[in-house]
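Peer 1: Could you build the full structure based on these sequences and the hints that come with them?
Just so you know, the protein sequences line up as chains H and A, in that order.
Residues in the first sequence are numbered from 195 upward in steps of one, following my numbering.
Residues in the second sequence are numbered from 52 upward in steps of one, following my numbering.
Simulated from the structure, these hints should not be mistaken for lab results.
On the chain H side, residues computed to face chain A include the following (Cβ under 7 Å):
(1) L204
(2) T213
(3) L346
(4) T349
Please read all numbers here as calculations on a predicted model, not as lab measurements.
Every residue gets a Cβ at the ideal spot worked out from N, C-alpha and C, and that includes glycine.
This is what each chain is made of:
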Amino acid sequence: MTTDELVSLLATGTEAVDTRRPVRRYLAAVLAGIAITTIWMAEWLGVRSTLARDLSVPMFWAKEAFCAALGAAGLVGAARLARPGARLGWVLAAVAAPLIAMWLLAAVALLSADPPGRAELIFGQTANACPLLIALLSTPVFVAIFWAMRGLAPTSLRLAGAAGGFAAGSLGALVYSLHCGELAAPFLGIWYVLGILIPTTFGAWAGPRLLRW
Amino acid sequence: MVEERLRGLLLGGLAGDSLAYHRFLKELSTHLRAFLRRRLVHLPDEVEDLLQELLLAVHNQRHTYDSGLPLTAWVHAIARYKLVDLLRRRSRKELLNDPLDEDDNLFAATDSEATEARRDLAKLLAYLPDRQRLPIIHMKLEGLSVAETARLTGMSPSAVKIGVHRGLKALSAKIRNES
Chain H
195 MTTDELVSLL ATGTEAVDTR RPVRRYLAAV LAGIAITTIW MAEWLGVRST LARDLSVPMF
255 WAKEAFCAAL GAAGLVGAAR LARPGARLGW VLAAVAAPLI AMWLLAAVAL LSADPPGRAE
315 LIFGQTANAC PLLIALLSTP VFVAIFWAMR GLAPTSLRLA GAAGGFAAGS LGALVYSLHC
375 GELAAPFLGI WYVLGILIPT TFGAWAGPRL LRW
Chain A
52 MVEERLRGLL LGGLAGDSLA YHRFLKELST HLRAFLRRRL VHLPDEVEDL LQELLLAVHN
112 QRHTYDSGLP LTAWVHAIAR YKLVDLLRRR SRKELLNDPL DEDDNLFAAT DSEATEARRD
172 LAKLLAYLPD RQRLPIIHMK LEGLSVAETA RLTGMSPSAV KIGVHRGLKA LSAKIRNES
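Peer 2: Here's what the structure looks like:
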């Protein structure tokens with residue numbers, strides 16, 4: 195088949211393409227993933243009983259905003275990296291800003307605490323379980339994002355996979371935060387971030403394997 | 052300007068204008084051929100094969116073009132991805148003539164002198180299952196409509212469309228796996 199024949203073949207009988215469909219598919223998949231994660235978390239770990247009381251605690255909202263902002267930046271980043279030629283642009287700054295803010299809060303909290311109390315701020319009650327639980331809870335969204343990305347055409351597979359994993363991890367952390375009662379900034383800045391980095395690393399590994407086209 | 056004209060043709064194609072789309076692919080192929088000739092100086096025999104692979108990729112991924120972004124960047128990223136993929140498969144990265152820098156002006160040159168493709172896509176097509184092969188043959192090669200193809204094959208109209216879509220993707224995957 196000559197190239198001219200191929201061009202004719204490809205162009206013959208083409209119909210309109212709905213270019214908004216990938217975005218809808220992506221959002222629907224992510225929302226479904228978050229819904230599944232939330233139900234899973236509620237059934238398995240349970241929403242913590244002190245949640246209602248925490249609604250008036252500023253640090254609770256800082257924690258939710260932290261996870262949500264990282265999740266949103268990760269979702270935008272993954273969506274951009276799933277298309278050829280798109281650039282990350284401000285997304286990197288949007289990932290960095292919540293991290294830096296949380297680490298600043300952590301530094302302030304640690305510096306203003308008595309030395310004996312610092313370990314409590316860092317390790318809380320649940321440091322052992324937290325990163326692993328976040329990583330586990332990130333799996334439904336991880337699968338959703340990778341499914342949606344496979345319908346698109348990422349060209350930097352490792353980076354796209356990492357971005358997808360990062361978004362999944364952040365949203366996993368957001369859902370986990372409804373169970374987890376830790377509110378100390380040093381705890382969040384270490385163990386939550388570690389939990390998010392597990393699916394991020396896995397995504398960087400899986401990207402070149404699962405996203406090829 | 053080439054970018055503007057090609058972009059207009061592609062957007063027309065995405066809206067369902069197959070004439071505009073045909074002109075888009077035809078003109079794009081001359082730019083891509085020139086681009087590949089520059090890149091594959093040591094593999095001249097690969098140019099036409101990779102060009103066909105690229106056209107198939109552009110077609111299969113046309114839904115990923117975001118009209119807010121430059122067409123050059125989109126095409127260039129696809130071309131780069133497939134080129135790197137080819138060289139990786141050959142593990143002969145050193146054959147790259149020069150680094151694939153981002154701001155290489157893809158649309159600067161044209162080359163309409165096709166060489167013989169070594170791989171015959173028509174032969175690869177024959178390996179596809181009937182539900183993909185028949186819709187492609189009737190719709191894409193013989194130019195029949197969806198309804199006519201559906202009647203001829205006994206498939207439903209949506210199965211015909213899915214068959215074409217999946218068949219062209221499968222063709223692309225076959226190329227990737229065979230070379």
